[in-house]
Amino acid sequence: MVHLIAVFPFLAFVINILFGRRLRGASAWISIAASIGSFLLSVAAFQGLRSGQGSYNLGTWLTIHGVPLNFGVLVDPLSVMMLLVVTIVATLIKIYSVGYMRGDSRYSRYFAYISLFTASMLGLILSDNFVMLYIFWEGVGLCSYLLIAFWFERPAAARAGLKAFLTTRIGDTGFLIGIFLLFFATKNLHFDHLGAAIASAGPQEGLLIAAAILIFLGAIGKSAQFPLHVWLPDAMEGPTAVSALIHAATMVAAGVYLVARCYVLFMAYPVCLQVVAVIGAISALMAASIATVNNDIKRILAYSTISQLGLMMLGLGVGGYTAGTFHLMTHAFFKALLFLCAGSVIHALHTQDIRKMGGLLPHMKVTGWTLIIGMLAIAGVPPFSGFWSKDEILVQAWSGHPVLFGCAVLTSLLTAFYMSRLVFLVLFGKPRSEFHAHESPRTMSIPLMILAVLAVFSGFLGSPFLHHAFQKFIFFSPEHGGEGGEAHPLNYSIMLLSALISLAGIGLAYVLYIRQNKILPEGLRRMFTPLYKLLLNKYYIDEIYEAVIVKPCLAVCRWLSGFDCFVIDGLVNAAARFFQFLSLAVRPVQTGLIQNYVLIQVMGVVVLIVVLFFGIAGFSRVG
Amino acid sequence: MGILTTLILLPLAGAVFILFIPAKNSAWIRRTALAATAAVLGTAGALVYCFDPTQPYLQFVEKVPWIASFNVWYFVGVDGLSLGLVFLTALLGLLACVASFTIERRQKEYFIFYLILMAGMLGTFLAQDLFLFYNFWEIVLVPMYFLIGIWGGPKREYAAIKLFLYTLAGSVLMLVGILALYFHAAPHTFDMVELAKTSRGFDLPLQMFLFLAFFLAFAIKVPIFPFHTWLPDAHVEAPTPISVLLAGVLLKMGGYGFLRISFPFFPEAARTFAYPLMVLGVINIIYGACVAMAQEDFKKMIAYSSVSHMGFVLVGLASLNLTGWNGAILEMFNHGIITGGMFLLVGVLYDRAHTRELSRFGGIAAPMPVYAFFLTVFSLASLGLPGLSGFVGEFLSLLGAFAAAPTMTMIAAGGLILTAGYFLYIIQRVLLGPLNPEAVPYPEINRREIFTLVPLLAITLVVGIFPELVLRFQETAVTVLMHIVRRG
Numbered sequence: 001m002v003h004l005i006a007v008f009p010f011l012a013f014v015i016n017i018l019f020g021r022r023l024r025g026a027s028a029w030i031s032i033a034a035s036i037g038s039f040l041l042s043v044a045a046f047q048g049l050r051s052g053q054g055s056y057n058l059g060t061w062l063t064i065h066g067v068p069l070n071f072g073v074l075v076d077p078l079s080v081m082m083l084l085v086v087t088i089v090a091t092l093i094k095i096y097s098v099g100y101m102r103g104d105s106r107y108s109r110y111f112a113y114i115s116l117f118t119a120s121m122l123g124l125i126l127s128d129n130f131v132m133l134y135i136f137w138e139g140v141g142l143c144s145y146l147l148i149a150f151w152f153e154r155p156a157a158a159r160a161g162l163k164a165f166l167t168t169r170i171g172d173t174g175f176l177i178g179i180f181l182l183f184f185a186t187k188n189l190h191f192d193h194l195g196a197a198i199a200s201a202g203p204q205e206g207l208l209i210a211a212a213i214l215i216f217l218g219a220i221g222k223s224a225q226f227p228l229h230v231w232l233p234d235a236m237e238g239p240t241a242v243s244a245l246i247h248a249a250t251m252v253a254a255g256v257y258l259v260a261r262c263y264v265l266f267m268a269y270p271v272c273l274q275v276v277a278v279i280g281a282i283s284a285l286m287a288a289s290i291a292t293v294n295n296d297i298k299r300i301l302a303y304s305t306i307s308q309l310g311l312m313m314l315g316l317g318v319g320g321y322t323a324g325t326f327h328l329m330t331h332a333f334f335k336a337l338l339f340l341c342a343g344s345v346i347h348a349l350h351t352q353d354i355r356k357m358g359g360l361l362p363h364m365k366v367t368g369w370t371l372i373i374g375m376l377a378i379a380g381v382p383p384f385s386g387f388w389s390k391d392e393i394l395v396q397a398w399s400g401h402p403v404l405f406g407c408a409v410l411t412s413l414l415t416a417f418y419m420s421r422l423v424f425l426v427l428f429g430k431p432r433s434e435f436h437a438h439e440s441p442r443t444m445s446i447p448l449m450i451l452a453v454l455a456v457f458s459g460f461l462g463s464p465f466l467h468h469a470f471q472k473f474i475f476f477s478p479e480h481g482g483e484g485g486e487a488h489p490l491n492y493s494i495m496l497l498s499a500l501i502s503l504a505g506i507g508l509a510y511v512l513y514i515r516q517n518k519i520l521p522e523g524l525r526r527m528f529t530p531l532y533k534l535l536l537n538k539y540y541i542d543e544i545y546e547a548v549i550v551k552p553c554l555a556v557c558r559w560l561s562g563f564d565c566f567v568i569d570g571l572v573n574a575a576a577r578f579f580q581f582l583s584l585a586v587r588p589v590q591t592g593l594i595q596n597y598v599l600i601q602v603m604g605v606v607v608l609i610v611v612l613f614f615g616i617a618g619f620s621r622v623g
Numbered sequence: 001m002g003i004l005t006t007l008i009l010l011p012l013a014g015a016v017f018i019l020f021i022p023a024k025n026s027a028w029i030r031r032t033a034l035a036a037t038a039a040v041l042g043t044a045g046a047l048v049y050c051f052d053p054t055q056p057y058l059q060f061v062e063k064v065p066w067i068a069s070f071n072v073w074y075f076v077g078v079d080g081l082s083l084g085l086v087f088l089t090a091l092l093g094l095l096a097c098v099a100s101f102t103i104e105r106r107q108k109e110y111f112i113f114y115l116i117l118m119a120g121m122l123g124t125f126l127a128q129d130l131f132l133f134y135n136f137w138e139i140v141l142v143p144m145y146f147l148i149g150i151w152g153g154p155k156r157e158y159a160a161i162k163l164f165l166y167t168l169a170g171s172v173l174m175l176v177g178i179l180a181l182y183f184h185a186a187p188h189t190f191d192m193v194e195l196a197k198t199s200r201g202f203d204l205p206l207q208m209f210l211f212l213a214f215f216l217a218f219a220i221k222v223p224i225f226p227f228h229t230w231l232p233d234a235h236v237e238a239p240t241p242i243s244v245l246l247a248g249v250l251l252k253m254g255g256y257g258f259l260r261i262s263f264p265f266f267p268e269a270a271r272t273f274a275y276p277l278m279v280l281g282v283i284n285i286i287y288g289a290c291v292a293m294a295q296e297d298f299k300k301m302i303a304y305s306s307v308s309h310m311g312f313v314l315v316g317l318a319s320l321n322l323t324g325w326n327g328a329i330l331e332m333f334n335h336g337i338i339t340g341g342m343f344l345l346v347g348v349l350y351d352r353a354h355t356r357e358l359s360r361f362g363g364i365a366a367p368m369p370v371y372a373f374f375l376t377v378f379s380l381a382s383l384g385l386p387g388l389s390g391f392v393g394e395f396l397s398l399l400g401a402f403a404a405a406p407t408m409t410m411i412a413a414g415g416l417i418l419t420a421g422y423f424l425y426i427i428q429r430v431l432l433g434p435l436n437p438e439a440v441p442y443p444e445i446n447r448r449e450i451f452t453l454v455p456l457l458a459i460t461l462v463v464g465i466f467p468e469l470v471l472r473f474q475e476t477a478v479t480v481l482m483h484i485v486r487r488g
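As given, the protein sequences belong to chains U and C, one line each in that order.
Quick note: the first sequence uses this note's numbering, first residue 1, plus one each step.
Quick note: the second sequence uses this note's numbering, first residue 1, plus one each step.
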């Protein structure tokens, strides 16, 4: 039954791609109905968890060395949590898209792609082995590519699509090799076999560590972590609803999900956990610092996504299985909300530059207030959802990881700062350009309100008020060294610190952007010009990649092409010419004159006679 | 007359029939060619249906003495190694025949050559007597030479002669190898089943010499770097349907040669040469992908992509394990289907634009959405997107290779990134962006063209999701063969 969760949206895709043009407006509702169906089934799966979890088999994809690779479905608390998050967010964003994409010339195509995405994402979540997961993993990557390049007439969109696909493909290739290694070492690719594989690893420990890190490479690509994060900001060329669903709430979280899914492997080898934590910390800090100076509303949110995903990785890396997945859930809601608000603003103003906005709150009440709620949630102001999940990560990091804890705290501060900067510049102050803002249609504002409710309250699931219900639902089993669903004793000092930090960030932004009422405070800029430039140019990472990887690679390709044409093929042609030349040398003999032929014939006979005569004479003398 | 002989004779019968149709009557020439190729496909379908996948040895065997004094037999049979390729030949034969309807000059000769080509290709995959095999192998060249040389592009004569001489030169050593095998067999024979048993007992130097003698012929056909430069020229000059057969079927004759002759005949030599072969395969993958990336001509790009993809076949074969071999054979089948489709798509565009310069396209997805759909799906299949058939072959080949040579496999996997790079680059330059002002909005892909693509698309999808459907036909034969190669 559970696999129907992924089948419904897939059917919606098939219907939309085949009959989309005839369906027109109805295509959206088919897609929405499918994801509502998936949502209801996910709720049923959640209910069913009480009667036990486990995996079941739909059929065999391949058999390798007698090891079957199955279409297996895995139902456990982690996958059910993800199912619920994805189906809720997907349904709301599809409803939002009805308004947002109205009038687009490829309306039904859009809903076809986004249904295919939902199907692949749900399939990814339900997979019970690495190969199935990899197949759907590439599937969501494809949909991401198609949707980033959705407005393909714009060269920037086409380029961004290619960049996203290629960058993630680098990670995915590592992932694939990781799968090979794992298969080579354990001859089994099921998730629930990992524990046994580690127990019996023995001398193959090194292989498993390498496999874990290679698999994490896939997660780095998909979750846009440093150093493969460059594709995500460019992915903002896609429709904003897509950015909300794929590039903020669900697909990019797949990397975090993957790490959580094979957490046994990471937990068994501390070095792997360290890699995860360090990459997460670098990404979190780097992206948050870039977001503080960016002026594009969607790109700020994109960098904030990289940063928040980094925090989740950090959480997982310091042993906070529950903390990481909890933040994954709350982030999905408030980040989807923030993106949809941004979409609503862009829909009204037709610009993405926050320097040209300002004073929007009176004109767009729903968008404005939900945006503020989203901001408070991501900034981690109590009692909004982000506060509770971020607190979990901080608590985990505090126990024994002072540097990582510092990174997390600094990231929180920056997050509160850049998000309130965004809100102040967009909603408050005076309008800084001519525009006629208007609230968006119902189909867009209602999803905003629902998501705002989730952004406020979803955090309570993991709070002491609900007795840490989330932690008791999703935990890492103690037999592998996990926390086992026991809530930590409340750490009030960290809670207080976390709350103060977010308020400090907001206060700083208030001083700089409301009190001084300038887009960029002059004094600050003069003081930190080099740093400012570095941040504005995103640490020049794109430029470095272009110069160090892309250009040399293309140059090698061109050089090899010339080599192929002139050297390899040149040798072939030279060989041909050599024989042609030989034939030229012999050709004069064939003069076509009978006299010459007779002359040669006679000479030949004479030579033959001489040779025969003297030859035989010679022989007889010897004899 | 058995089913296999029928398969070889049907296209020849069609060719003879066309001989008697006046050259002006193009409708009947086409109909006859279509009927003949459709009958071949029908027969091949029946063959697949009747084939027993649990049986590893030759089936539907026909064995008749041919030149008794030299112990030459007309000996044909099919097993799991060749069944997929026979079906592939029949399928692409029909679709390329439909695609040939756009040929306007000298149709009568064209279709006669075309049908002879089909008979030659089918014969190569079915022959079990080395003398017969060599005949078919060489017969293929003759119609190919004319089809490119007469109906090709501007540099057609150069390309045709190059193809002919290059492959012929490669076959000369094979002939020496065949004769050596013949004289080494106790009662002199060309029977491939018997020969394989004898030659397995040869000492290593002799095995190595014979392996290399056959290697050149097969390497040129595959093609293996550095013997590949005939391919881009031949592809660029060949008319679309011939490109389809060239990439789809002809290249597979090389890979098939390794499987049918090199490995089972000279297992010890094969084990010795496995690693060099692996290295060559990796070079093919990376080198082919790099050169493809730099091409400005759409068709040349696909031609080099074939070089790269055949590298995966080599890597799988060189792994000398079941997974790798199953992957290699599947990859041959899939490459035929996918690249066949790619060449058809290039042809569709060429018929409208009369150019293949990538810089002359752009934004074509807007006026031609259906074309864009097909090109996107076939490109994705080529770059090995999971869920489509290309992935399965590459996955198995690399997985097999990983067990044999992990480092080489990791380099080969880097080819997956390059492949994605140039195929997405094709999509970007042809389909996306603003409509190139040079490109007049072309008419959408028509029904006949769609008809040629849909079967290939369907197979790509089905094999991607249910690879066992194809694998089950080859697995038994591959297992037995692997047993021989590993032990013998």
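Mixed in with the good hints there might be a few duds.
[As the list claims (entries may be wrong)] The following label-pair restraints were derived from C-beta to C-beta distances: (1) K197/C x I594/U: 25 to 33 Å; (2) P68/U x T6/C: 57 to 65 Å; (3) S69/C x P68/U: 52 to 60 Å; (4) G59/U x S69/C: 53 to 61 Å; (5) P226/C x G406/U: 55 to 63 Å.
Simulated from the structure, these hints should not be mistaken for laboratory data.
Idealized CB from N, CA, C, for every residue including glycine.
| task | Compare the structure with the hints numbered earlier in the document and write down the numbers of the violated ones, lowest to highest. | result | 1 and 2
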